[in-house]
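**Q** Note that the protein sequences, when read in sequence, are chains H and D.
The first sequence begins at 1 in the numbering used here and counts up one residue at a time.
The second sequence begins at 1001 in the numbering used here and counts up one residue at a time.
Keep in mind the hints are simulated off the structure, nothing from the lab.
All C-beta atoms, glycine included, are put in the ideal place defined by N, C-alpha and C.
There could be a bad hint or two in this list.
[What the hints assert, rightly or not] Stretch-level coverage of chain D by chain H, calculated; a stretch enters the list once three of its residues show a Cβ under 8 Å from a Cβ in chain H:
#1 1065-1075
#2 1079-1085
#3 1090-1100
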Amino acid sequence: MTESWLRLAPGFFALGALAAWELAVRGFGVPVYILPGPIAIVAAFLTDPGGLGGSLLATLTVTLTALVTSAVLGAALAMAMAASRLARAAILPWAVVLQVTPIVAIAPLVIIWVGDPFASLVVCATIVAFFPVFANTATGLAAGAPEYFDLFRLYGASHRDTLLLLRVPVALPYFLAGLRISGGLALVGAVVAEFVTGSGGFASGLAYRILESGYRLEVARMFAALVLLSLAGIVINLALGAFGAAVLRARDGP
Amino acid sequence: MLDIVSVERRFARGVVALEDVTLRLEEGNFLALLGPSGCGKSTLLRLIAGLDRPDGGRLTWDRGRAPAAGEIGFVFQDATLLPWASAADNVFLPLRLRHVSRAEAMPAVHDALARVGLAGFESARPRELSGGMRMRVSIARALVTRPLLLLMDEPFAALDEFTRHGLQADLVALWREIGCTIVFVTHSIYEAAFVAQRVVLMTPRPGRIFREIVSTLTPGPDLRLDPGYATLVTSISKTMAAVLAPA
């Protein structure tokens, strides 16, 4: 009994909060262009599910492309750094520069240089998402205890074997944890880039819908887009968590 | 097998890990390096393994060359198993690194696991095994290449006493069976007296060899009940106390 109540509690709390929100908006007569109630927000979504859904799809496409790019690039550069001290010295400072540069500041440049709107958005989102998966993988590749490296040296293991049989499996959980953080950041990066491109760019993402609804004072629609964004973020986070658990199960066996 | 002559090893900030260490390893002998923490016994083991180089002195192998990969087995204090690999795959590792195919290696892998009493545990993952069983896998991994020399760095220090006694007795039996040379680092007088034929006492700061005590006891599982064992433990304890007291 207690257990199931605990499981249902968040749902009931959310329902209560939504009801209170709706009642407050109605009771105080708050105009819908300042704060719409939950019902108005759902209604706004239902009047144009295709438009918002299409925008969500566009933003998700950018997000996932950027996430895959970050994962491949991050893992590859981290492995290059693990393989060679020269590569490490060459790469690391630039990775940090990339991380500390505010995306809002460089997005306009990226858009000018890259040209193609979709590619520009992917580049911006990749810049934001790249660092966690890269830094985590780099840490993981060096995380084996010294005795393990001694063991591999003792048996005359090649660099390649040490990388594939020791460093990579040890780094796997680090990479997956980094990937999960990067997943959320790829979405943030995609949305920020869409905001910067605004109506002049790739006019179909959720951020563009938010801007557009703002200009038109369609605040309920703006909220609907926001809710879709949060839901997308939550789903990405949970999906990457489940993916990570499955990969580690595959590595560690039943 | 090996002559260690006036070997010296210094670390940063003037720490002298080893000073003027001279020792000869005899073929087929079971030698224990005994001493308190910081006396350089692990450093000496790493020098023998070729994992580290001396700053002075030399190591001369009777065969005229340092052992090749796989001719030395090393067992660490931690079992250092790959947690994602089965017991068999862990034991297979040294052969795999020498590019032996799995099919070719499996008889040797099964044999090594059987020798340490783990037949039937081939597919078990390290986390499914107890601490003592993990150490047995680690010993099997060290034996799978049929090494001439087995180096062990406090392998049983992290185990409970009952498990430790079992492993000590099995190790001695294993050594008598396969007849390889063993250098066994320990900080336990009881352990050194039980397993070894030669007990080399080391003292810290700087790490030096203080004395060598040769055991005349017949190794075996019931050695602990032998009055001679108690005498040996007493004699080592007295020697050790004499050297450590003034410090």
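**Q** All hints are to be evaluated individually against the structure, with a verdict given for each.
**A** We went through each hint and held it up to the structure:
Only residues whose beta carbon comes within less than 8 Å of a beta carbon in chain H count, and the region 1065-1075 of chain D has 5; three or more means the coverage holds. Counting residues of the region 1079-1085 of chain D whose CB lies closer than 8 Å to any CB of chain H gives 4, so the stated coverage by that chain holds, three being the minimum. Only residues whose C-beta sits within less than 8 Å of a C-beta in chain H count toward coverage, and the region 1090-1100 of chain D has 5 of them, enough to reach three; the restraint holds.
Violated hints for the displayed structure: none, as all numbered hints are satisfied.
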